[in-house]
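Colleague: Sequence:
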Amino acid sequence: MTDNSRPAIRHIVFFSAKDRADLPKIVAGLEELGKIPHSKVFEVRENTQADALSSEVDVVVYAEFASAADLAAYKADPIYAQAIKVVRPLRELRIAADI
Numbered sequence: 003m004t005d006n007s008r009p010a011i012r013h014i015v016f017f018s019a020k021d022r023a024d025l026p027k028i029v030a031g032l033e034e035l036g037k038i039p040h041s042k043v044f045e046v047r048e049n050t051q052a053d054a055l056s057s058e059v060d061v062v063v064y065a066e067f068a069s070a071a072d073l074a075a076y077k078a079d080p081i082y083a084q085a086i087k088v089v090r091p092l093r094e095l096r097i098a099a100d101i
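Numbering of the sequence shown is given in our numbering, commencing with residue 3 and proceeding in unit increments.
Mixed in with the good hints, there may be bad ones.
Think about it this way: if two alpha-carbon atoms lie no more than 20 Å apart in a straight line, the pair counts; the simulated DMTMM-like pairs of lysine to aspartate or glutamate are [unchecked claim]: (1) Lys42 <-> Glu66; (2) Lys20 <-> Glu33; (3) Lys27 <-> Asp53; (4) Lys20 <-> Glu66; (5) Lys37 <-> Asp79; (6) Lys87 <-> Asp24; (7) Lys77 <-> Glu58.
The hints are simulated quantities; they were obtained by calculation from the structure and are not laboratory data.
The model shown is predicted, which means the values in this text are computed figures rather than measured ones.
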């Protein structure tokens, strides 16, 4: 059964910092992605580290897209490339899931 009220694609990306002192720079760099107009919902949040069994993730990006074409347009935007230039050198781990 399909729920038509749910977004077509939920894009979730997990990041860990090489140095936790860089978390504000990572968050700021990722928040720039929210300026890209193709997502219906966009959030960047620091992990609360409330789960004692998993502390590898420092920052999570959550976005919702109406279609695969919207997600592709988001990734093709120049702001996306600029955010990668800022964040990539500061992050250790990046795991993405599109559901």
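Colleague: For a quick check of understanding: which of the numbered hints are violated here, in increasing order?
Modeller: 3, 4, 7
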